[in-house]
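Working from the sequences, and respecting the hints, build out all of it.
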Amino acid sequence: MDRQILQRVAGGEHGALGELAARHEAALLGLARGLLGGSTDLAEEAVQDAWVRVLSRAGSFNGDASVKTWLFRIVINRCRDIGKREARRLRRETHAAPTGEQDEPDRHELNGELNAAVMKLPAVQREAVLLCHHRDLTHTEAAAVLGIPEGTLKSRVRAGLQRLRRELGDESGVIR
Amino acid sequence: MMAATRQPLAEALAGLTTWDGETPGLWRHALDSADEHATAARSQTHDWRRSMLGLAAVIVVAVVLVGIMLPSLGKARSAARFVASSTGDLSEKMVDRSDVGDDATFGQEGVYRYAPEFDRYRGSELGGGGGGQSPFQDKSVLGRQVERFDAARININTAGGGLMMVSSPDDQTTSSRHVVRKAAIQLQTDDVNAAYTLARQLINSARGEYIDGAVIRDNDQGQPAAELTLRVEAARLDDVLNELRKLGKVIQEGTDADDVTDRVVDLEAQIRNEKGVEEELLNLLKDRQNDKLDDILAVRRELAKVREQIERLTAQRTQYANLVSLATITVIIRPDEVKPDEPEPEPTFWTRVGGDFKDATLNGVDALFATAATLLMILIGGLPWWILAAACTALIWRHWRSAHPRPLPE
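These protein sequence lines map, in sequence, to chains A and B.
All residue numbers for the first sequence refer to our numbering, where the first residue is 1 and numbers rise by one.
All residue numbers for the second sequence refer to our numbering, where the first residue is 1001 and numbers rise by one.
Worth double-checking, as some hints may not be accurate.
Claimed, not checked - Part of the chain A face toward chain B, derived, beta carbon under 10 Å:
{"hint": "1", "residue": "Q7"}
{"hint": "2", "residue": "G11"}
{"hint": "3", "residue": "A22"}
{"hint": "4", "residue": "L29"}
{"hint": "5", "residue": "G34"}
{"hint": "6", "residue": "L35"}
{"hint": "7", "residue": "Q48"}
{"hint": "8", "residue": "W51"}
{"hint": "9", "residue": "S60"}
{"hint": "10", "residue": "F61"}
{"hint": "11", "residue": "W70"}
{"hint": "12", "residue": "I82"}
{"hint": "13", "residue": "V124"}
{"hint": "14", "residue": "V129"}
{"hint": "15", "residue": "L130"}
{"hint": "16", "residue": "L164"}
Unchecked claim - A short list of chain B residues far from chain A (calculated; beta carbon distances all over 12 Å):
{"hint": "17", "residue": "L1013"}
{"hint": "18", "residue": "E1022"}
{"hint": "19", "residue": "R1177"}
{"hint": "20", "residue": "Q1252"}
{"hint": "21", "residue": "D1259"}
{"hint": "22", "residue": "T1261"}
{"hint": "23", "residue": "D1262"}
{"hint": "24", "residue": "K1275"}
{"hint": "25", "residue": "V1277"}
{"hint": "26", "residue": "D1294"}
{"hint": "27", "residue": "L1303"}
{"hint": "28", "residue": "Q1316"}
{"hint": "29", "residue": "N1322"}
{"hint": "30", "residue": "F1369"}
{"hint": "31", "residue": "L1376"}
{"hint": "32", "residue": "C1392"}
Stated by the list, open to error - Cβ pair distances, simulated, as ranges:
{"hint": "33", "chain 1": "A", "residue 1": "S155", "chain 2": "B", "residue 2": "P1008", "range": "15 to 25 Å"}
{"hint": "34", "chain 1": "B", "residue 1": "H1404", "chain 2": "A", "residue 2": "A116", "range": "16 to 26 Å"}
{"hint": "35", "chain 1": "B", "residue 1": "H1399", "chain 2": "A", "residue 2": "R3", "range": "49 to 59 Å"}
{"hint": "36", "chain 1": "B", "residue 1": "P1384", "chain 2": "A", "residue 2": "D41", "range": "32 to 42 Å"}
{"hint": "37", "chain 1": "B", "residue 1": "D1366", "chain 2": "A", "residue 2": "R57", "range": "48 to 58 Å"}
Treat the hints as calculated values from the structure; they're not laboratory data.
Using N, Cα and C, we set each Cβ at its ideal position, and we do this for glycine too.
Below, the structure is given as structure tokens:
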């Protein structure tokens, strides 16, 4: 189904992108927001960029993976780029105004403490944890998205969860 | 407890990646911005092309500059090497005469070592010749220390091709004349060492002949050249010269004679006269033994003066006799003329460029090998450190990579 839609997009039928979005945009936005610390704006930017990329690369999709996996990979890559950009911006602003007030937390951020703990994880563990807990992905699909064996994925998830528990501890009401 | 904890965390994580509500329809914005992205991409392509063109221009300029600089550097390095090899350590090349010192005896063998710039021979034919060493065997008369290589005894100056005979007498012992004879001969041969040895063997030690000085060393062209001063019996002068002529091509030859008959006769007359005075004084002492002591002492003092004068005159006569009895032959042996190299044609522009390029290439290859050797040495010598550094790097890389994963294939 997804392949046929993608072929139509590749064939110049850009309206078909709406069908693809109807099937996956919510899942992609959810993952992007998780990877970007709960920021809805950044998540939307990431997904919009992903759709642009889909438009430009639809013809080069080789079919080795499913379209769903491919879409998640594109979103993850965009999230990485945006995450680096935001980290640089935050460093610059912190360096420029060390005593000034920090940006106010995004009102749309969910579970602030958990988000903060997730963002402290190494990138590979963060991605593994969030993909494995994504409601629209199985573990097999999560491993396929990251291009790693399931065993590796599980070990990363296990390590990530242990670290999350250490970070959150008793202070997190989310866990309790 | 653990399971109870895990479940809320999993649900909270799932909640982090769940998008509730309507999606904003970002695909429409994507469609709108696709054109902008395409334009930006084209702009980036143009920027990239401009960057590449600029880089190519920089590389071309760098290559041209290197092409201009390298030949000069190569020439400079070659010149530096030439200077270093030319100057060298002259102190090591100075003449060492320890092997032919005063202790040299008859039949002794040794090695002459001589410097390119042998100041003490600067005025001689061989002065300024190239350094080197040559073997010798002393076969001179009675093992006397006649080959001292004392420059003062080889006072030959043939600058300008002329011959200046140092000293030498010859005596026509069989005639009433007293003549000091001297000769000089300059030979050219392709085997200087052999001619040198043969010339030395012309000395007849049984007749009291000897070698007054001998030296052999390399000239400017690196070929051996020799000088000898032979003292031969005056009667054998012509015979020895004939033998010497057989040793090579005669370049120059000359003889000279100094008639000292008058001086010898005068000396003999003075001696006879002084001896007569001596005899008279002796008779006076003998006849007047009873005179006052002062008078006797005055006669004795006068007798002592006369005897001293007699001894002085006798020594001079003996010296003349020595000079007359042995003739001096100065022998210069030179190698065959080396055909001078044809003057190199004036290098053309492309010849110079080719030479410079060759120099630069050779220097580059030298530098490459030197660098490779140094790197190899560093690689092998620092192996334990490399292993440690590699391990540290791997750990750091792994940690960094976990925080900065590679982009996923799209």
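The hints, checked one at a time:
no., hint, in the structure
1, Q7, "violated (17 Å)"
2, G11, "violated (15 Å)"
3, A22, "holds (8 Å)"
4, L29, "holds (4 Å)"
5, G34, "holds (4 Å)"
6, L35, "holds (8 Å)"
7, Q48, "holds (4 Å)"
8, W51, "holds (3 Å)"
9, S60, "holds (9 Å)"
10, F61, "holds (9 Å)"
11, W70, "holds (7 Å)"
12, I82, "violated (13 Å)"
13, V124, "holds (5 Å)"
14, V129, "holds (6 Å)"
15, L130, "holds (5 Å)"
16, L164, "holds (7 Å)"
17, L1013, "violated (4 Å)"
18, E1022, "violated (9 Å)"
19, R1177, "holds (117 Å)"
20, Q1252, "holds (94 Å)"
21, D1259, "holds (112 Å)"
22, T1261, "holds (116 Å)"
23, D1262, "holds (115 Å)"
24, K1275, "holds (122 Å)"
25, V1277, "holds (123 Å)"
26, D1294, "holds (124 Å)"
27, L1303, "holds (121 Å)"
28, Q1316, "holds (109 Å)"
29, N1322, "holds (106 Å)"
30, F1369, "holds (45 Å)"
31, L1376, "holds (39 Å)"
32, C1392, "holds (19 Å)"
33, A/S155 to B/P1008: 15 to 25 Å, "holds (23 Å)"
34, B/H1404 to A/A116: 16 to 26 Å, "holds (20 Å)"
35, B/H1399 to A/R3: 49 to 59 Å, "violated (39 Å)"
36, B/P1384 to A/D41: 32 to 42 Å, "violated (53 Å)"
37, B/D1366 to A/R57: 48 to 58 Å, "holds (52 Å)"
Checked against the numbered hints given earlier, this structure breaks hints 1, 2, 12, 17, 18, 35 and 36; the rest are met.
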